[in-house]
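Put the two chains together into one complex; each comes in its own frame, and the hints tell you how they fit.
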Amino acid sequence: MKRAMALLLGFTMLWGLIGAAWASRPGVLTIWADSTRAPILAELSPAFTAEFGIPVEVQEVPFGDIRARLGVAGPAGEGPDIIIGPHDWIGEFIADGLLEPLRFLEGMRDQFVPVSIEAFSSGGEIWGLPYLTEAIGILYNRDLVPAVPETYDEFIALARELTDPERGQFGFLTNIPQPDPFHSFPFFTASGGYIFGLDEEGVLDPCDIGLATEGAIRGGHLILELITAGLVPVGTDYAAMTGLFNDGKAGMILTGPWAVADARAAGINYGIAKLPAIEGQPMRPFVGVHGFMVSSFSANKLLAMVFLQEFIVTKEAKLALYEADPRNPAFLPALEVVAADPDVAAWAANEAVGIPMPSIPEMAAVWSAWADALTLIVTQQLSPEDALRDAVARIRGLIGC
Amino acid sequence: MTMTAILFKILLLGVTNALGIWAAVGLFLAGSWLPLSGLVLGLVALNFAVLSKRAYPLRYLLPGLIPFFLMVVYPIASNMAVAFTNFGTGHRLTKEQVIAHFESRFYLPEGGERFTYQAFRGPAGSLILLLTSTVTGTNYLSERGILQAVELTDPRFVYDGAEIVEINGHHRLSRRELVQIMGELQELSLQWGDEAVRLVSLAEFGVARRQYRYDPAEGVLTDLRTGIAYTPVEGIFTSVHGERLQPGFAVFIGARNFTEIITNPHISGPFFRIFTWTFLWAFLSVATTFTLGLALALLLNDPYLELRNFYRTLLIVPYAIPGFISILVWGGMLNVDFGIVNRILHDLFATKIPWFHDPLWARVAVLLVNLWLGYAYMMIVCLGALQSIPQELYEAARVDGANRIQLLGKVTLPLLLISIAPLLVGSFAFNFNNFNVIFLLTGGGPPIPGAITPAGATDILISYTYNLAFGAAGARYGFAAAVSLIIFMIIGTISAINFRLTRNLERVGESL
Numbered sequence: 349m350k351r352a353m354a355l356l357l358g359f360t361m362l363w364g365l366i367g368a369a370w371a372s373r374p375g376v377l378t379i380w381a382d383s384t385r386a387p388i389l390a391e392l393s394p395a396f397t398a399e400f401g402i403p404v405e406v407q408e409v410p411f412g413d414i415r416a417r418l419g420v421a422g423p424a425g426e427g428p429d430i431i432i433g434p435h436d437w438i439g440e441f442i443a444d445g446l447l448e449p450l451r452f453l454e455g456m457r458d459q460f461v462p463v464s465i466e467a468f469s470s471g472g473e474i475w476g477l478p479y480l481t482e483a484i485g486i487l488y489n490r491d492l493v494p495a496v497p498e499t500y501d502e503f504i505a506l507a508r509e510l511t512d513p514e515r516g517q518f519g520f521l522t523n524i525p526q527p528d529p530f531h532s533f534p535f536f537t538a539s540g541g542y543i544f545g546l547d548e549e550g551v552l553d554p555c556d557i558g559l560a561t562e563g564a565i566r567g568g569h570l571i572l573e574l575i576t577a578g579l580v581p582v583g584t585d586y587a588a589m590t591g592l593f594n595d596g597k598a599g600m601i602l603t604g605p606w607a608v609a610d611a612r613a614a615g616i617n618y619g620i621a622k623l624p625a626i627e628g629q630p631m632r633p634f635v636g637v638h639g640f641m642v643s644s645f646s647a648n649k650l651l652a653m654v655f656l657q658e659f660i661v662t663k664e665a666k667l668a669l670y671e672a673d674p675r676n677p678a679f680l681p682a683l684e685v686v687a688a689d690p691d692v693a694a695w696a697a698n699e700a701v702g703i704p705m706p707s708i709p710e711m712a713a714v715w716s717a718w719a720d721a722l723t724l725i726v727t728q729q730l731s732p733e734d735a736l737r738d739a740v741a742r743i744r745g746l747i748g749c
Numbered sequence: 043m044t045m046t047a048i049l050f051k052i053l054l055l056g057v058t059n060a061l062g063i064w065a066a067v068g069l070f071l072a073g074s075w076l077p078l079s080g081l082v083l084g085l086v087a088l089n090f091a092v093l094s095k096r097a098y099p100l101r102y103l104l105p106g107l108i109p110f111f112l113m114v115v116y117p118i119a120s121n122m123a124v125a126f127t128n129f130g131t132g133h134r135l136t137k138e139q140v141i142a143h144f145e146s147r148f149y150l151p152e153g154g155e156r157f158t159y160q161a162f163r164g165p166a167g168s169l170i171l172l173l174t175s176t177v178t179g180t181n182y183l184s185e186r187g188i189l190q191a192v193e194l195t196d197p198r199f200v201y202d203g204a205e206i207v208e209i210n211g212h213h214r215l216s217r218r219e220l221v222q223i224m225g226e227l228q229e230l231s232l233q234w235g236d237e238a239v240r241l242v243s244l245a246e247f248g249v250a251r252r253q254y255r256y257d258p259a260e261g262v263l264t265d266l267r268t269g270i271a272y273t274p275v276e277g278i279f280t281s282v283h284g285e286r287l288q289p290g291f292a293v294f295i296g297a298r299n300f301t302e303i304i305t306n307p308h309i310s311g312p313f314f315r316i317f318t319w320t321f322l323w324a325f326l327s328v329a330t331t332f333t334l335g336l337a338l339a340l341l342l343n344d345p346y347l348e349l350r351n352f353y354r355t356l357l358i359v360p361y362a363i364p365g366f367i368s369i370l371v372w373g374g375m376l377n378v379d380f381g382i383v384n385r386i387l388h389d390l391f392a393t394k395i396p397w398f399h400d401p402l403w404a405r406v407a408v409l410l411v412n413l414w415l416g417y418a419y420m421m422i423v424c425l426g427a428l429q430s431i432p433q434e435l436y437e438a439a440r441v442d443g444a445n446r447i448q449l450l451g452k453v454t455l456p457l458l459l460i461s462i463a464p465l466l467v468g469s470f471a472f473n474f475n476n477f478n479v480i481f482l483l484t485g486g487g488p489p490i491p492g493a494i495t496p497a498g499a500t501d502i503l504i505s506y507t508y509n510l511a512f513g514a515a516g517a518r519y520g521f522a523a524a525v526s527l528i529i530f531m532i533i534g535t536i537s538a539i540n541f542r543l544t545r546n547l548e549r550v551g552e553s554l
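So the protein sequences, as listed, match chains A and B.
Numbering-wise, my numbering comes out as the position in the first sequence, counting from 1, plus 348.
Numbering-wise, my numbering comes out as the position in the second sequence, counting from 1, plus 42.
Keep in mind that the hints were calculated from the coordinates and are not lab data.
Treat each hint with caution, since some may be false.
Claimed, not checked - Derived CB-CB ranges, DEER-like:
#1 B:LEU340 x A:ASN617: 58 to 68 Å
#2 A:GLU671 x B:LEU322: 47 to 57 Å
#3 A:PRO410 x B:PHE111: 27 to 37 Å
#4 B:SER310 x A:THR499: 47 to 57 Å
#5 A:THR499 x B:MET375: 35 to 45 Å
#6 B:VAL177 x A:ALA693: 39 to 49 Å
#7 A:PRO410 x B:LEU341: 37 to 47 Å
#8 A:GLY375 x B:SER231: 14 to 24 Å
#9 A:GLU549 x B:ARG198: 48 to 58 Å
The beta-carbon is built from N, C-alpha and C at its ideal position, and this holds for glycine as well.
Chain B extracted, bound-state conformation (with noise of 0.2 Å):
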C-alpha cells in the first residue's frame, strides 16, 4: 500500500479510536455496563480486523457485522429480555433510581420554623448565609454549616444604612445573584440543634426532615414520618398494611406475562379468532396484491402497448405516496356519509355501503386499501422477474401448441415463482404484522357486539397488542415483549415451512 493510503488507514482508524473512548468514558461515569462492554468489544474487534493480517477477510465483513448486532441482534435480545419483566407505567425507574428518589424527599413539619435569610459571598468563594427566624425574629448565622445565634450588633457586620452588606469580608448577593446560585442553595442543609435547614423557596429556609430511610442491610424503605415501613413487592415498595409508593421499579417476574396470555380469558379468549383473521389477512393481501401486480405487469410486458412508460409511471404512484397519508385520506374517502366512495355509489346506485360499521365491509375496506397500496410492489418485481425468463421457452411451447392461458400456467408461473415466492413470503410475514393499515384505517374495526375485550373485527394480533399494552392501564411494555415475541415465533414457523416449500420450487427450475 502507498504511503498515504496507510495514513489514511490509521488516522481513520484512530478517529474512531477516539470516539469509541470518548463514548467509553461517558458509559463508564454513568455506570452502563452492558453498553460498555459491548463498545469495548466492538471497538477490540473492529482494530483487530484492520490491523491484523490474518483477519484480513473479516475486514470486509465488519462494516455489515457491527450495525447487524447493534441494530438487529441488540433490540430482539433487549426485547426478550424485557418481556421477562414488568417494564411498564409504574415500574419505570430502576430499584437504584426509586430508592434514590425517596431518599431525596424532604418534608416540613407542622409548625417547622420559617426563616428569611440573606446571602454574603466571600472573595474565596465560600458562602455565609445569615438567617432571621419569623417566629422569633432571631438570627443565625451559618458556619461552616452550623447555625449560631448572632445579634444585629455583631462587630463582624458592615452596614450601609439599615442594610447589612459586608459579613467577615463576603459581600451580600443580590436577588439576580441568589437566583443563578439556586442549585448551590438547595443543596445546604444547615445543622440547627438537632434540625436541619434547607432552602424552601426563593425567599425562605425552613426546618425540613429526610422522609424516608433506606435499610440495604434489610431491604426496607422506612417512612420517618409515619413510621411505617415497606419492603419490595415485584417493584413496588408495599407496607404491610398493603399501602402501595409510587413510583416502582422493574423487576424480573419470570413468565409470568406468557402464562397471563394464555390463562386470562380476557386476553386469551379472543386470542384464536383474531389469529385466523390475522393470517386470513396476509394471505389475502399477498394473493390479490400478487395477482394484480402480475396482471398489470404481463399487459405491460407486452411489446406492443403504446405509451408503456406513461402507464407504468403513473401505476407506480401508489408506492410513491408516504403510506400514512394515503391511509389516511382512504379513510375519509370511505366515509359513510361524506366519503366521496359512497357518494358515488348512492348517485349511481342508491346504496351507502356501511364501510367501518360493518365487520364484512370493514374487512373488504381493509383489503382494498392494501391492495391498492400493494399491488404497485409486486408489479415492479413481476416486471422484473419477467425479464429473466428466457423467451426460447415461450417459442419452444408455441411451437408445440401452447394457448396463451398454457403458457402463463406452464411456462411463466413456474419459472417466476422461484425467483418471486421469497418475496411473497416476505410480503407474508411484513402484511401478518401490518400494523399501520389496520390501525389508521380502522383502529382494529368495528366492535364485536357482546365481547368483553378490546378486540374488534379487524383487529390483527400485532394491533391487538397494541390494544392490550398500551390501551389498559397506561404502558405494558413488557407484556407488549412477550405478546411481539409470541407473534415472532408464529411468524418464524410459518416463514420456515415457506422456505421449505419454495425450495422444492428450485428443483423445478434445476431440472430445466
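With the rest of the complex left out, here is chain A (with noise of 0.2 Å):
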C-alpha cells in the first residue's frame, strides 16, 4: 500500500518536470499601450500580419502603469517589445538603460515636425517614433467671444468685460491655482523665463534653472494680477473650469486638445486659438510629444524596429491614428492631410512656438516646488520674488547642485 502511494505520488511530481518545459515563445510583437490607444493598434496590427506573417500582440496597460512595469518587467524578460509614450519619459528610461535607440530614423528627420524629433532626442540618439503633438492653447466659446486678442492687454481687457461674478460667468479661465505648473508655464516664457538651460553641448544642464529670472517673475506677477483682478478664483480647477466652460459659462480657458471631446458633446460652439503675446513675445507652451519606444531587453528588437519603419511611419498608419484619437499628427505627410482643419491649424500655431518639456529625471523636483511656489503666489502668502526664488533653491537642494 505504502509503496503504491509513494509510486502515485513520484508519478504525479514528474508532470511538473513536463511543464516546466512550456515556456517563452519567440517572434511575436509585444506591444503595451493605454486604454486610448490599443483599440487602435489592435485594428491596424492585422494589416501588419497579414503581409509579413508576424503575429502582433496588443496588450492594454493603464497610462500611468507602463512606466512603472517597464522598469521591473523590462530586465526581468517579461517585458514587451514596443511602448507608446510621453516623451518625458525617455530620461528615466535612458538612464535604467531599458531603451533601444532608433538608428533608422537619423535618415528620416525631415519628414516630421522639428519640435517632435527635438523632445525625443538625447545624447545624440533619437529614442521614439513621434506620432503626435500637442500644446496647451485659448478654447474659446465663440458665442461669448467673436475673437480672441492677440495681445494680452486686449486679452485681459475682454476678460474683464465678460467676467460677471454675479451670474457666475467668467472672461478667462485657467487651473493654474490648482496647483498646476505645466499650464503656467506659457506666462513664465513671455518674458523669458526656462526651466533648464543649455550647457556648451547644447545639453540641458540641470543646475541652470530659470525659473527665478527676472522674466520668470514676471510671468509669476502676471499670474497673480489674474487672481487679484478677480478674473480667476483661487479656487479654480480642472474640474471647475472645464465644467463651467462646458455649461456656457467661460468665455476663454487655457486648456489642451485633450478637452476638445466634452466641448464638442456638450454642443458649445468653440473655437481654438494662439496664446496671446505678451509685448510682442509669444506666450510659449510645453510641447508634449508622444510616440512609439522600442524596449533594449526585447528578444525582437530589428523586428520591431521593422514594424515601425515599415508600417507605422507611413500616411496611412498615422492619419489612422490621427482619425482615432484627434491630436496633431508629428508626421508631415499626415500633417498636411489634415491641415485644413482650423482646429489643427489652431494648435499647430501654438506647437510652433513651443518648447519640449525636458525630460532629465530632475524634472521631478522642478515640479513639486513649482507647484509649491503657484501656491504661495495665488494664495498671497509670499511674493512672486521670494515664492520662486524659494523654489530655485529647493530644486538646487534636492538634485545636489
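Next comes the structure, spelled out in C-alpha cells:
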C-alpha cells in the first residue's frame, strides 16, 4: 500500500518536469499601449500580420502603469517590445538602460515636425518615433467671444468685460491655482523665463534653472494679477474650469486638445486660438510629444524597428491614429492632409512656438517645487520674487547642485 | 483514514509538488538562487508535515505559516536589504545585466561599408546570404560565417531572368520570410576580412564594431571606439575624467541612506516638525473617531430607540464606500470657491474657509475627512464590545446610586477599553502611516512659506518620504526603504509601549 502511494506521488510529481518545458514564445511582437491607443493598434496590426506573417499582440496597460512596469518587467525578461508614451519618459528610461535608440530615424528627420524629433532626442540619439504633438492653447466659446485678441492687454480687457461673478460668468479661466505648473509655463516664458538652460554642448544643464529670472518673476506677477483682479477664483481646478466652459459660462480657457471632445459633446460652439503675445513676445507653451519606443530588453529589436519603419511611419497609419485620437500628427505628410481643419492649424500655431518638456529625471524636483511656489503666489502668502527664489533654492538642494 | 481520503491527500500533494518542481526548474534556469532555495525549503517542509506522523501538529500550522513567510517576512527582509543599497533610477539593473547591455552594443564606424543582401534557405535549414556592397558593387557569399567575394556568373547561382532564385539548392526568401527570420538574422556576425558585418536594418547589412569590452579580471569596461576605460564607482561605470555611462547598477552602499537622513539639513530639518504633526494626527484621528463611534454606539444600543437598524445601515455607509473615491469627492466638496461646503457657508455666514490654502484649516480638513471615514469602524467595534459587558453590572451600579455619567465612566469605559485597547493601538499605527487621506486630499498640504524642503503643513512622515524618494530625480527605492525602516522602528516602539499599558488595563478586568 505504502509503495503504491509512493509511486503515485512520484508519478504526479513528474508532471512538473514536463510543465517546465512550456516556456516562452519568440517571433511575436508585443506592444503595450493605454486604453486610448490600444484599440487603434489592435485594428491596424492585422495588416502587418497579413503582410509579414508575424503575430502582433497589443496589451492594454493603464497609462501610468506602463512607465512603472517597464522598469521591472523589462530587465526580468517579461517586458514588451514596443511601448507608446510621452517623450518626457525617456529621461528616466535612458538612465535605467531600458530603451533602444532608433537609428533608422536619423535619415528621416525631415519628415517630422522638428520639435517632435527634438523632444525624443537625447545624447545624440533618437529614442522614440513621434506620432503626435500637443500643446495648450486658448479654447474659446464663439458665442461669448467673437475673436480672441492677439495681445495680452486686449486679452485681459476682454476677459474683464465678460467676467460677472454675480451671474457666475467668467471671461478667462485657467486651472493654474490648482496648482498646475504645466499650464503656467507660457506666462513664464513670455518674458524670458525657462526651466533648464543649455550648456555649451547643447545638453540640458540641470543646475541652470531659470524659474527665478526677471522674466519668470514677471510671469509670476501676471498670474497673481489674474487672481487679484478677480478674473480667476483662487479655487479653480480642472474640473471647475471645464465644467463652467461646458456649461457655457466661461469665455476662454487655457487648456489642450484633450478638452475638445467634452466641449463638442456639450454642444459648445468652440474655437481654438493662439496664445496672446505679451509685449510682442509669444507665450511659449510646453509641447508634449507621444511616440513609439523600443525596449532594450526586447528579443525582437530589429523586428520592432521593421514594424515601426515599414508600417507606422506611413501616411495611412498616422492618419488612422489621428482619426481615432484627434491630436496633431507629428508626421509631416499626415499633418499636411489634416491641416485644412482650422482646429489643427490653431494647435499647430501654438506648437510652433512651443518648447518640449524637459525629459531628464530631475524634472520631478522641479514640478513639486514649482507647484508649491504657485500655491504661495496665488494665495498671496509670498510675493512672486520670494516664492520663485525659494523654489529654485529648493530644486537645487534636492538635485544636489 | 479511508482509502479515498488517502488517495486524495496523495494526489493533492503530488500536484502541489509538480507545480513546485515546475517553478523550481524555471527559477533554476533563471539563476534566481534565493527564491529557489526558499521554494525548495517550503516544499520539503510541506512534504515532511504531510507525510510524517511526528509532524502532525505542523500540518495545521503550515497553511498559515507559508503565506506568512511569503507575504510578511520576505517583503520585510527584502525591504531591509534594499535599504542598504542605492537601488533606484539609474541603478535598477544588476551588474551582469549592465555589462551584458554594454557588450551587446555595436557601432557603425564612419565610412563603414553597407551591403544590400538576399537570403537563401536550404532544405536542411541552413542559410546562405548574398551581400552586395553599396560602395564598390562587389558581391560576397557567406559560407560558414565568412564572406567570400563571388562573381554573379558563379555556376552555383540559378537565375530566373535577372533574378537569382537558387544558390546551391537554397531557395530565395521573400521579404515576408525575411521579416519572419529577423531574430535569426540579427544575431549573425559575418566575417569580412578583419571586420564584422551585421544586420543594420531590414534592407542592409553594415560593418559593425563591438563598442565595449569588459575585462572581468580588472573589472574595467573599455570603450573600444574612444579607448576610454571605465571602472565601476558606486554602481556607475566612470572614467578617470568623471564621465559616467548610463545605465548603472544597484550596489551595496552600507548605511549611507540612514546617515543622509540625519546629516542632510534639507531632509532632517523638517523631520521633527513632521514627526510631531504625524503623532498629533494619529492621536487626534483615533481620539475623534473613537469618541464619535462610541457616542453613536451608545445611542444605537439604547433599546428604546426606534428604527435602530435603519440608522445603523445609514451610519455604516462611509465605511462601505471605497476610500479613494470618497476622499477625492471630499476634495472637490472642500474646494475654496466652487465646493459645496464653502457655498453653503457663504450663503449662511458670508464666509469662505480657505480649506487647502491655510495650514490650520488644511489640518482641520484632513482630520474631518478622516473622522468621516473612520467613525463607522469604531462604531461597529464599540457596538460589539458593548454587548459583552454584563447587564448585571449596570443594575448593581444603579442600585448603588450611580448616575448616567458615572455608569459610563466607571462601568462602561474600563471594561470597554480592555477589549478595544488593542484596536485603538492598531488604529493609531494605521493612521500614523495613513498615506491615502493625506496624499489624495492635500498632497502634503499647503506649502510652508520660506521652507527649502518639500514638506507641507499636513505632510506626515510617510508622505514626506514619498516626496523625497520619488519627487527629486526619479525613484530612490533604497532611500525610501531606509526611511520606512525608521518609521517602522518608531511605530514599533510606540506600539510596544501601548501594549504594555493595555496589559495593565487587563489586570483591572481580572479583578472583577
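To see whether the hints hold, each was checked on the structure:
{"no.": "1", "hint": "B:LEU340 x A:ASN617: 58 to 68 Å", "verdict": "59 Å, holds"}
{"no.": "2", "hint": "A:GLU671 x B:LEU322: 47 to 57 Å", "verdict": "56 Å, holds"}
{"no.": "3", "hint": "A:PRO410 x B:PHE111: 27 to 37 Å", "verdict": "31 Å, holds"}
{"no.": "4", "hint": "B:SER310 x A:THR499: 47 to 57 Å", "verdict": "49 Å, holds"}
{"no.": "5", "hint": "A:THR499 x B:MET375: 35 to 45 Å", "verdict": "39 Å, holds"}
{"no.": "6", "hint": "B:VAL177 x A:ALA693: 39 to 49 Å", "verdict": "45 Å, holds"}
{"no.": "7", "hint": "A:PRO410 x B:LEU341: 37 to 47 Å", "verdict": "44 Å, holds"}
{"no.": "8", "hint": "A:GLY375 x B:SER231: 14 to 24 Å", "verdict": "20 Å, holds"}
{"no.": "9", "hint": "A:GLU549 x B:ARG198: 48 to 58 Å", "verdict": "53 Å, holds"}
In this structure, every one of the numbered hints holds.
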